[in-house]
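The listed protein sequences derive, respectively, from chains A and B. Under our numbering, think of the first position of the first sequence as 34, with each following residue one higher. Under our numbering, think of the first position of the second sequence as 6, with each following residue one higher.
These are computed hints drawn from the structure, not numbers from a lab. Backbone N, C-alpha and C define an ideal beta-carbon position, used for all residues, glycine too. One thing to keep in mind: the hints can contain errors.
Here are some, though not all, of the chain A residues that point toward chain B, as calculated from beta-carbon distances under 10 Å [said to hold, decoys possible]:
#1 Arg45
#2 Leu61
#3 Asn107
#4 Leu112
#5 Phe115
#6 Gly181
#7 Val185
#8 Lys213
#9 Ser215
#10 Thr230
#11 Val251
#12 Ala259
#13 Tyr262
#14 Ile264
#15 Ile265
#16 Leu269
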Amino acid sequence: MSNLQASLAMIRQPAVVQYLLRGVVFTLIISLIAVLLGIVLGSVLALLRNYGTRHPVARVFRRISIIYIELFRNTPLLLWIFICLVFCPVPGFLNRKMFGLNSAADVKLLFKAAVALTLFTSSVIAEIIRGGLNSVAEGQFEAGHSQGFNMVQVMLYIVLPQAFRNVIPTLLSQVITTIKDSSYLANVAVIELMARTKTIMSAAGRYNGTGTIHVSDVFVLFGLAAVIYFIINFALSCAVRAMQKRMKRAPVRPQTT
Amino acid sequence: MLSAFTPDAWARVWAFRDTFLLGLWTTISTALLAILLAFALGLLFGLLSTGKIKALRLVARIYVEVIQNTPIVLQLCFMYYALVYAKRSIGITAAGILALGIYHGAYMAEVIRAGIEAIPKGQFEAAQSQGFSYIQQMGYIILPQSIKVILPPMVNQVVNLIKNTSCLYIIGGADLISQTYSFVTGASTGGAYGPAYIVCGLMFFCVCFPLSRLAGRWEERLKVRDRRTVAAVSSGPIPRRVIRRGQKP
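Next comes chain B alone, as it looks inside the complex:
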């Protein structure tokens, strides 16, 4: 086992550093495009699932349930092979972006739905009473308030998405995991398991750890603020003397 950590193995990884960097770049660029797609789908279906039209709510529900209850690996294979055998292949990376976007879009939709539902009903009514249209109401009143509830789980989803780019391996992608594996099993490069996996893991860690740390911090701060609000609301009766406008206290 220790033979995998010889200086020679490290030297080989260093010689092929471009392979790892290329893999990292593929993983990050795939993830970025998939995040954009996931965010767009999440916003769309999140709004649909909190909307007034029952049929659209049902559509959003079905999307979320079907996607969340089946594995991403299966969805990716399904889509990729269906397109390949229909002679309409869109390529491995594009299929990966689509599948990752659709999969995490379902999670984003739930995050955004929860964020919108966390806003008190009075805010919707107030916005309506001021003559805001639906778009204005969401854009100016509701979403800005729910952003603090939405952001932490959304960043966690981004971390999961970056990790899930590894599912591209099953259809022969060129992401970091696939590059690493073909490096350690390659005829001329093989054998440097230890160093290669350490480098690959560190690359993922350096991308994901700051993000999940950030999400954790935000979540913690939110919890502290919630506790304070609850404490402030429940600490005894509210003083009777309410100062009305134009009235001297």
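In isolation and in its complexed conformation, chain A is listed as follows:
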């Protein structure tokens, strides 16, 4: 049996397949949580940075949000993962075996790493949402105020819905980026796809039955991971492009002359 056949036989073992598929699920869940929480946190940051100019207290919050956004955008994700590993507190109920992970320590690692990814992603999403807010015409604010809406109502009912509609494609492509970024977690914990691929790789000699690791193992294992990442992300990027095309064809705002 050639090396390539041995390598291919390795990824047909049910245990290996299940192990990797779990990794895919974790990758998707971690990324989705990071983006969804990132949208919440990012919206707050973006609103503070854009409109916190009136009140002195608001100006303090604006300063904080600017510092937060610029700090996270100009430092690597891996640094924040390392920082969270040491400094992020973990709520007590997570201190046990769950999610099909091996130990309570792994669950805690997952939580800390997910916090780092969320914090990092929220700074990027804040800037995306700010772009959306800036694309809402000034007249919309004035129209809202003239109807007797207060600032919060104007934001909630008039500005934010339009801003979000304008940035949906960009937010979706941020999901792609976050899925790719989640592979940085492989540096600290064996949870998601990249880490699991690397774990199998380091024991490939045992799994392929030949006792040693060959080049073909590298190609088969990392190639499989690459294909999985590619299928997920390419499908998403096709969706992004379709959306952008549709938005270009039908302008969101009615054209008035």
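Using the hints, position chain B against chain A.
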């Protein structure tokens, strides 16, 4: 937690300042070489994807899609381990430069493609009608005009590339992040988490923030100019009286 910020911890970081400076230097030199490679690949594939030959356009498309839709960490591991197990290892830093260059080359290619496509078609036709060859057309007419569209996203890519040097950690690099981590976990140096991470973060920030600020400024200026152009074009009908050469108004 606060024990990580004791004066003793700061003193330890200061004593090992050379480690951090070496890491910073590795990160910057790796990034510089990778930027050169990324720029060369970006220019090549950017031109291919706007060219006339369909097969080459397809090649450029595949390069961009495959690279942009898979993580840099995976690409780096793939390349590094494939070379190691083929007994042709090129070393950690060289593998890092190659992987970073190839990864960000795909993004540069898209940036350059968008820049070229932003130039009106008439410019290409005008250049051709003046007898410019393809190289001359690109070098003298098209690229100089698209540079202002290209530069801001390109500088953003440089910032991302500098941050992504941290992926070298997974194969045991000597970049700033890896040096910091081995410092805080080392047997004789360990424990000074707080100060070490602050120093490391500040170093990254001092390199990346000015660059991303610059890119932001350029982008803003470009937007203002675009708005002005649109306003100028759409503000009412253009005056009928067109002054022809040699004709008195």
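- Query: Of the numbered hints stated previously, which ones are contradicted by the structure, given in increasing order?
  - Reply: 1, 2, 6 and 7
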